[in-house]
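Participant: Starting from the known structure of chain A, arrange chain B on it as the hints suggest.
Chains A and B, in that order, are what the protein sequence lines are. Residue numbering for the first sequence follows the numbering used here, beginning at 64 and increasing consecutively. Residue numbering for the second sequence follows the numbering used here, beginning at 64 and increasing consecutively.
Among the hints, erroneous ones may be present.
Given that identical chains are not distinguished, each listed pair holds provided it fits within a single copy or across any two copies.
[Claimed, not checked] No more than 27 Å apart at the CA atoms, straight line, and that leaves these computed lysine-lysine pairs for DSSO-like:
| hint | residue 1 | residue 2 |
| --- | --- | --- |
| 1 | Lys457 | Lys389 |
| 2 | Lys403 | Lys197 |
| 3 | Lys389 | Lys372 |
| 4 | Lys384 | Lys275 |
| 5 | Lys380 | Lys682 |
| 6 | Lys449 | Lys566 |
| 7 | Lys275 | Lys380 |
| 8 | Lys389 | Lys275 |
| 9 | Lys191 | Lys259 |
| 10 | Lys428 | Lys339 |
| 11 | Lys372 | Lys339 |
| 12 | Lys191 | Lys577 |
It should be emphasised that the hints constitute simulated quantities derived from the structure, not laboratory data. All values derive from a computational prediction rather than experimental measurement.
There are 2 protein chains.
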Amino acid sequence: MKAHKRNIYLDILPLSKAYTIIEELPIQTLSSYLLPTHESVGHVLSESIYARVSSPNYHSAAMDGIAVRAYDTYTAREDNPLSLEEGIDFIYINTGNPLPDEYDAVIMIEHVIRDGDTHVVIESPAYKWQHVRKIGEDIIATQMILPQYHTISARDIGYILTAGIFDVPVYQEARVCIIPTGDELLSVEDRILPTKGEVIESNSYVLKALLKPFTQAVTIVPRIQDTQEAITQALEKAIEDKYHCILLCAGSSAGSKDFARSAIENVGKVLFHGIKAMPGKPTMLGLAGTVPIVGVPGYPGSTSICFEKIIALLLHKITHKAIPPKERVQGYLVQDTPSKLGIEEFIKVCIGNINGTYVAIPLPKATGSTRTLSLAEGICTIPAHKEGISTNEKIDIEIYIPTSHIDNTIICIGSHDDSLDGIDAFLGVSSPYRLRTVHTGSMGGIYALKNRTTHCAGMHLLDKEHQDFTIPYLQKYLPHDSFVLYTIAMRAQCLYVQKGNPKGIHSLQDIVTKRATFINRQHGSGTRLLLDSMLAQENISPADIVGYATEEYSHLATALHVATGNADCALGIYSAGISLGLECIPLAEERYELVIPKEYATLRSIETLYDCIASTKYKTYLTTLGGYTTELTGAIREV
Amino acid sequence: MKAHKRNIYLDILPLSKAYTIIEELPIQTLSSYLLPTHESVGHVLSESIYARVSSPNYHSAAMDGIAVRAYDTYTAREDNPLSLEEGIDFIYINTGNPLPDEYDAVIMIEHVIRDGDTHVVIESPAYKWQHVRKIGEDIIATQMILPQYHTISARDIGYILTAGIFDVPVYQEARVCIIPTGDELLSVEDRILPTKGEVIESNSYVLKALLKPFTQAVTIVPRIQDTQEAITQALEKAIEDKYHCILLCAGSSAGSKDFARSAIENVGKVLFHGIKAMPGKPTMLGLAGTVPIVGVPGYPGSTSICFEKIIALLLHKITHKAIPPKERVQGYLVQDTPSKLGIEEFIKVCIGNINGTYVAIPLPKATGSTRTLSLAEGICTIPAHKEGISTNEKIDIEIYIPTSHIDNTIICIGSHDDSLDGIDAFLGVSSPYRLRTVHTGSMGGIYALKNRTTHCAGMHLLDKEHQDFTIPYLQKYLPHDSFVLYTIAMRAQCLYVQKGNPKGIHSLQDIVTKRATFINRQHGSGTRLLLDSMLAQENISPADIVGYATEEYSHLATALHVATGNADCALGIYSAGISLGLECIPLAEERYELVIPKEYATLRSIETLYDCIASTKYKTYLTTLGGYTTELTGAIREV
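If we strip away everything but chain A, and leave its shape as in the complex, we get:
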């Protein structure tokens, strides 16, 4: 049955071989045309250009002042001032004015003393050609201004126009056709929220935006159905329409509905199918005549790598425009990161500058995630011959954002709380600083503080014995270090139940007696510690709670399980439950704090962070979120 006939990858290519194939593609040259110079920024010269006129094209004053004959002024001294008469010995002249033939130097107006209406006095001599811009000082007619293949910059515009060149020969924009395929796709134009089995098509718009540095002439055709015939027809149409490059989105993998390969074979040939890269493996390259066709994998993470590693190179070859540069910094990963041997792996990371060292925090590998793509500030490459990278290996980090942004990032690894989003938003309004939070739970925060891989850590670790939060843990695990703790708020920990509380759950005991399904937070999280402590207090065995072993990594994630009926209840903070329309039954209140190594507390960034937390605006914001009491907000403790 055809529906089950699946692709087998052709030889999976190392990236270096894919690059060679692209390098040698027999593609067509873009035609060229004349464009007004003042509209040409970002375009590529199709011929070298030469000056039509010199600049200046006359000797001109380089300063505001008076034009004189240098020879006349040789005797002027402070103790022997020289009087000059207007119209005879000098004339007033402004910057840029032609120097009359009879003069050969300019004296700055600041060095000229007025003496009545017609005379001035000077106290020092001028030398020949002083403050004069001579003919051709900037540009000499006929000289080469800029070479072929040069991409015109903003500052070039002044140079080209000054050389008297009003039109420049440039290459036309490369025309790219994006063909989204897939029965499950909803068009953005229709503005319909997806139901089960549907996905909003966004890859084509991401690609169009990524293509912007190369070309603006990008057409996205309406979504094509998952049949070999429909896709073949769409390719034929695009080839007929003389696009310079075709991006066929999804269907390049090994699913039963992956028709990209056979469709490309219907109109041309497949040059490679599959690259030794992760994400991005199902990338395909075909050629129909002189038109390259890229089979772009559908997962957002794969689309992105396919763009960076294949499409960008292809567009550079077609347009001669520079591949947007990616800077690199050297640093360390904050956790050992394994990788598959024989495949080049790209790890998306957030990046911070901790005390002069760049640290990269790996984001979840999920290639289906649009969120991690948006969060990613750079990528680390693990070469094919390695099985991973350990935390003590110095690595190159390719960065998406300027180092100045990274240097202004406050890294916060630890327990998750919605209040942190608010701090980031407030920081963004009033300062250059940003807060990047990584959710590892409170114990993960302690681990990060210990390894000096974070500026601060969100925590709410209850110590039953001392009836205190967090400080006893710091004393136990990091006894030799000093910390400052900023209290964000006292926050309610609640039982999430569905609207109307259908199972009638009002306590932990109810979960057991009513055989309700629970969804837990991960080991090491403060919420988990609180739960275990409360269960112990009430003499409830975890084994009696259905779902105790199922873990999620954030309040919103457990709340969602309850909201979708996947579970009956969970323990979490008020704001996350309420935002998903759940009922929240308060069980406890806990102190949520940011823990900062003492030596960082005096950093300008951390001081600004504290000002945000202590502001009235921020307290108001927390009150709006709900589930917080703010009497202690901004309180400072030390340990």
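Facilitator: Using the frame of chain A, we list chain B on its own:
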């Protein structure tokens, strides 16, 4: 008389104080509107946005394969394969498809063995939720997607759309009005080449292009005459038209026609006039109600610094868009560079990576030059409290181009020849490398080779005694170093005379006998050495040559003096003379070579450079230029 009433600078401000004034400007907030998400790249969010839908909003297959119940598969082993029946034990499923409620795991198609039409065999078990993307794994409905003031990137588009947000609230584009003033200005629209006293207006277009990262809503009004009334009226009109920012081009200095200050005072107040920066000193800031008005100095070099230091900051404040990042590298200046105490000085430089060290080559300080602006690859800042920077001081270099470009730059300091432009053009076509030439004359090349501040040096130093070029000089001045010399060509050195040779000059002797005016090349240039050697041979005293003491720094520059009638003759290469329509009388032939320290000759970049020189295409190019014989082109000598 009013025409002579000039401005006096108000207190000249240090830049830091100017920044504070901009920081505190009481400007209006941009209004906001809804924009379709897929068109929103580069725009700034005017509110934080929240997810309307989870993603995935159903459990879905993360791989192509079969959906199974994990529990059913626990016994599968290589030595105990398990047979599954389609429709009962499994169904085929593609990446992204919803997982039917009765299944809870996916096995990759690569691990499935077909067994007839209805059955498959597996040889290892699946674990629960294997290769399943769970509800909300990427995005959970209601969570904050991105905060206010965030600038939307290409990769954000997928994230925002996947969260079900089809429109985003963004700030409107800031509307900027550029007002060019000056009687000497020719409009680009008129396409007229300038005659004496005229200048093609290009600053406004450079500014518009530089503003692009902040806003595209830039209006350039027609050129305004240099009268206080006309400028005041133009400002009033712009304020009436509710622009968010006005850039008043030129007239902010101390010339008699500099009306910017009085015009701004007619519509509002001047906040500062003059900054302690060079170039850029005549920068002015005014405010009319809530509309900032920048008085932009007219020299291109000053305009550029005014943009970077003042206008960019202002636009960042108005739009919340990030100031386009400038990376920094650390390196050294290739020559001691003096600076005025009490003023912050910005030195435009070209940059190369010589053997792992970044070197910055100062460009001429001429602020009137559009060429140096186009050439500039970065700037070095000399702080106000310093009188200059010496070559052994490590400095920060702010770079305009990516380090990857700099790392591909071949630096060539030494004698100037048009043939080098051709090499750069050919390199650009076939490789990532670029040739950056700095004109210091042949002896300057020796100096640069000695200090290891160049990859190669263009030279043509005649040694009469040994009847050879360049090598005797290398042996004399750099006896301990080894070099490779690539011959570019034998080139003719000619006497430039005006068309028709009005003075009838055919030899050096003629210059003396006919009392013709000469224009010389600078001391240390190969052409100067050749002249002196020929004069000695012919027993002509330099004192007998009128204009011997007047020096220029390139063949084109001396040729231009002859072309404009400033001088009657000069000695220079054929191509430069011919390009300006001069007659060229050959007097000698010389070997023009590139000298490369031996250790650099094996660099990939230098090998590519050599391939260019040795190519047939390049020889053809030289022949087209004229004045070269190419028999020796590509010959290699060593010393």
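Participant: May I ask which of the numbered hints given earlier this structure violates, with the numbers listed in increasing order?
Facilitator: 6
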